Amino acid sequence: MARPWQPRRLTPLLGGLLLAGLSGCATYRAPFQPPQGLLVSAVKAPLQLDSHAGVPAAPGGHGQASTFYFHDPLITGLSFAWDDCALARASRNGGLQRLDYADYEYLMVLGIFGRMTVHAYGPVAAAAPR
Amino acid sequence: MATPPFRKLATLGAATTAALLAAGCLVAPFQPPTGIVSVYRAPLDLDMAQTPVATKEGQASAHCVLGLVAWGDASAHAAAANGHLKTIHSADYDYLNILGLYQKTTVIVQGE
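Residue numbers (our numbering), protein chains in the order written: chain E, 43 to 172; chain W, -13 to 98.
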């Protein structure tokens, strides 16, 4: 005989959905992603490459900027992500005059600690005369 | 009533398979159909406008084992450096997948 429906049964489902919502999303999106590892990922791949006219492969300058991710699976179950890996920040960090192309570097350890670094390449801006 | 052992085992197996498959997937702007055994090369850079046909190329690879551990530098910068290129004109990628046990992604840049 079927048991009568009890709203209580929804509690684990709702709890799981709430926790999933609060814990953010440890996965990432990029135009080109090599396969990731469940335990550890440490890969570098192209982020943007529009080379139709030909881009300098070694333009001389390099800048990088990172965001960080931390997931607390034991006490709160919450996830946190912070900092700035924008191209503007990366090129500013490298003192670039122009952006030729960009790669990214993805590091994730056990879904607990993550770091996404954007590497920007281009010629270095000439130093301003003093 | 206790769950029969084989059902527990089947559930565990299905969950593990799903996790492995979900973890180890290639994402690319242009992707041919991919099988459990795959060896193919496809375009990576899709922005072509009077693109010169290059004579030299450079490669860089990333690896993934059992969908658990992934490592390697498959960046355009590393590929260009490996091929001693001064200019990049276009890029393709190689994908190798053997039963999800081992996967290798290689970025190939063409240039001068």
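Please keep in mind that the hints were generated in silico from the structure rather than gathered at the bench. Just so it is clear, the structure is predicted and the values come from calculations on it, not from any experiment. Think of the CB as a built atom: it goes at the ideal place given N, C-alpha and C, for glycine as much as any other residue. Please note that the accuracy of each hint is not assured.
Per label pair, the in silico range of CB-to-CB distance [to be verified]:
(1) W/K42 to E/P165: 36 to 44 Å
(2) E/G119 to W/I22: 30 to 38 Å
(3) W/F16 to E/D114: 37 to 45 Å
(4) E/A123 to W/L52: 24 to 32 Å
(5) W/P18 to E/L129: 24 to 32 Å
(6) W/G21 to E/R134: 29 to 37 Å
(7) W/G21 to E/F122: 33 to 41 Å
(8) W/L32 to E/T118: 38 to 46 Å
(9) W/V39 to E/N135: 29 to 37 Å
(10) W/W57 to E/L120: 34 to 42 Å
(11) E/A168 to W/S24: 46 to 54 Å
How the hints compare with the structure:
Range check, W/K42 to E/P165: Cβ separation about 22 Å, and the 36 to 44 Å hint is violated. One distance hint, 30 to 38 Å for the beta-carbon pair E/G119 and W/I22, holds here, with the actual separation near 34 Å. As the Cβ distance of W/F16 to E/D114 is approximately 38 Å, the hint placing it in 37 to 45 Å holds. For the hinted restraint 24 to 32 Å between E/A123 and W/L52, the CB-CB distance of approximately 27 Å keeps it satisfied.
The beta-carbon spacing between W/P18 and E/L129, approximately 30 Å, falls within the hinted interval of 24 to 32 Å. Take W/G21 and E/R134: their Cβ atoms lie about 44 Å apart, and the range 29 to 37 Å is violated. Checked against the given bound of 33 to 41 Å, the beta carbons of W/G21 and E/F122, roughly 38 Å apart, stay inside it. A hinted range of 38 to 46 Å holds for the C-beta pair W/L32 and E/T118, which are about 42 Å apart.
For the pair W/V39 and E/N135, the beta carbons lie near 36 Å from each other, so the given range of 29 to 37 Å is met. Distance hint check: the CB atoms of W/W57 and E/L120 are about 28 Å apart, inconsistent with the given range 34 to 42 Å. With their beta carbons about 48 Å apart, E/A168 and W/S24 fall inside the hinted range of 46 to 54 Å.
Of the numbered hints stated above, those contradicted by the structure are hints 1, 6 and 10, listed in ascending order.
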